[in-house]
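Participant: The lines below spell out each chain.
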Amino acid sequence: MKINNMDMIKKMKLIFFLFTVFYLFSTGISAQQQRFPKPEFESGYEQPSTITPEPRALALEYFDVLVLLVVLSLATWLALKKRSRQGILWLSVFTLIYFGFYRNGCICSIGAIQNVTLSFADPGYAISLTALLFFILPLAFTLFFGRTFCAGACPLGAIQDLVIFKPLSLPKWLNKTLGIIPYIYLSLAVLFAATGTDFIICRYDPFVGIFRMDAKFHMVVLGISFLLMGMFVARPYCRFFCPYGVLLSWMSRFSRWHLTITPARCIQCKLCTNSCPFDAIDFPTNEKEVVKSGLGPKKFLTYALLIPLWMIMGIFAGERSHTWLSKANQDVYLAELLISNPEMKNDPDNIDVQTFLASGKTMETLVQEAEVIRRKFYFGSMIAGGFIGLVVGMTLLNTVVFRKRQDFEPHKGNCVSCGRCMDYCPVEK
Amino acid sequence: MEDNSRSKNRREFIQSGMRLSLALALGSVSGLALSKVVKDEYVWQIDPFECTQCGRCATECVMTPSAVKCVHAYDLCGYCDLCGGYFKPDANQLSTAAENQLCPTAAIERRFIEEPYFEYIINEDLCIGCAKCVEGCTAFGNGSLHLQIIHDICLNCNECAIARVCPSNAIKRVKAENSYLIKGDFSKEQES
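So the sequences go chain by chain: A and B. When we follow our numbering, the leftmost residue of the first sequence carries the number 1, and every step to the right adds one. When we follow our numbering, the leftmost residue of the second sequence carries the number 1, and every step to the right adds one.
Source of the hints: derived by calculation from the structure; they are not laboratory data. Be careful, since some hints might not be right.
[Stated by the list, open to error] Cβ pair distances, simulated, as ranges:
no., chain 1, residue 1, chain 2, residue 2, range
1, B, ILE153, A, ILE224, 19 to 29 angstroms
2, B, THR59, A, GLY124, 20 to 30 angstroms
3, B, SER28, A, GLY124, 14 to 24 angstroms
4, A, LYS82, B, ASN169, 11 to 21 angstroms
5, A, MET363, B, ASP125, 38 to 48 angstroms
The beta-carbon is built from N, C-alpha and C at its ideal position, and this holds for glycine as well.
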């Protein structure tokens, strides 16, 4: 049946015009009707199929976990048994290539904190076994063998380790102050993940853009500046930002075995202290000096009693800032925007407002949802604040604690088991 | 000497005590999380019925060019001469002239089949996922053109950067076995 082309085109142009005008005033299309029925072809035309490339096979995801396990075991063996710095170095290069550039730095154990948090907070979120294993395995290894994950199995650590050029030794007070930042980062990451707001560890990961070889401008700047910093302040992300490092340092402090500088006994030659770029080696303590400096039970007690005060200050700070923090959440932000600036409803360029208005959701529902999220932020921020207060108090307390030490030892919490000190130690087994 | 060994034992005792409690804490966290574990991997995908064609898919993806591309559900296509997704509303004639095309990268290929039907194929290498053709096709057409996340480009980030800013929350996690929500195979209940 032949159809008159010109009439058809004129008619369709009119309908097209009307539809476009109609569409501009109603963007919600939920029921898809076939306005123009699918034609029956006479010429034997075969329609192409829609190509849908498959995602990465599940088996390969489990293979990643296996590689992690092997690398962790190897790193542990190299650091504790074989005592080979070269081995750890080459292992970290492999980690950089495999977990960094091949897997594009995602999924990583650092980000897995958020997945685990979300799985507890949101009953609708299903955590994958690989994410959980990425979270647990390094922690389990660290509990027994120290932070061998940091040296051999973490791509972010590997890339920072490889750019160390002339490491500076930071003053102790700076080290301690900056050492509080990872706790803040961890608290915020857990808070934002639990409220379903954002995965800030992933978002502000400085090196993922380099691993992907593709990033927005500000992420490239962040990555390059961290690497430049890393040339002179060794492992800046690991020491002063990594939230997973907090958990690892807890595990490592009480690890059953740990990397030791000397294979037998310490001869006090101090060669190892020159080798550690991270100021992670503790010096032997001089009892006479300690008595002179006035450390004692009185000071300890004062500092210990101040801890509840720090916690209360932290809780107060958390409560004060929970409103501001909650604005990071999409729903809360939109609700606040529409309540304080109702004229935004008429702004055609604001896509979020326009989509919300067209979706048919009422302001009441939005405000209700926002209030629920804000409530979560209320309690979460106070807990986070109290936690950080506790950390500040404990850090200060640690400065007045006297620990008797005869030899040069790695600080069990901060040492990343890189093995440089083992190389420098002249003692033979 | 006796003092030293006693204090060492005490320290070791406290250490092993803390280690045990840490191990228990780790074990309980993992156990609890394990109860919620699913064996499947989840990937990100756009629900084409929720999508409002805002254009953020082209700009927000961490990959350049975006992992989001337009796919054509041929089963739903009307093969029209005047295609709402191909031509601009103010096209001066129905030809393949670039000035008349909606697509900013000319990724749609228009091919004549038989009178009066034309086939529209998307060149995935050119498509940037801007949703202009989707908007046109949804407004005046069958809605057979829609955006999907293509999984051999998508890195399956822990948190999809586009999902974070999608105004209609159209991007969700789906099981890796059924990683596409193509219209036709997956269509909302039609209101008859």
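Participant: Tell me the numbers of any earlier hints that the structure contravenes, in ascending order.
Facilitator: 4
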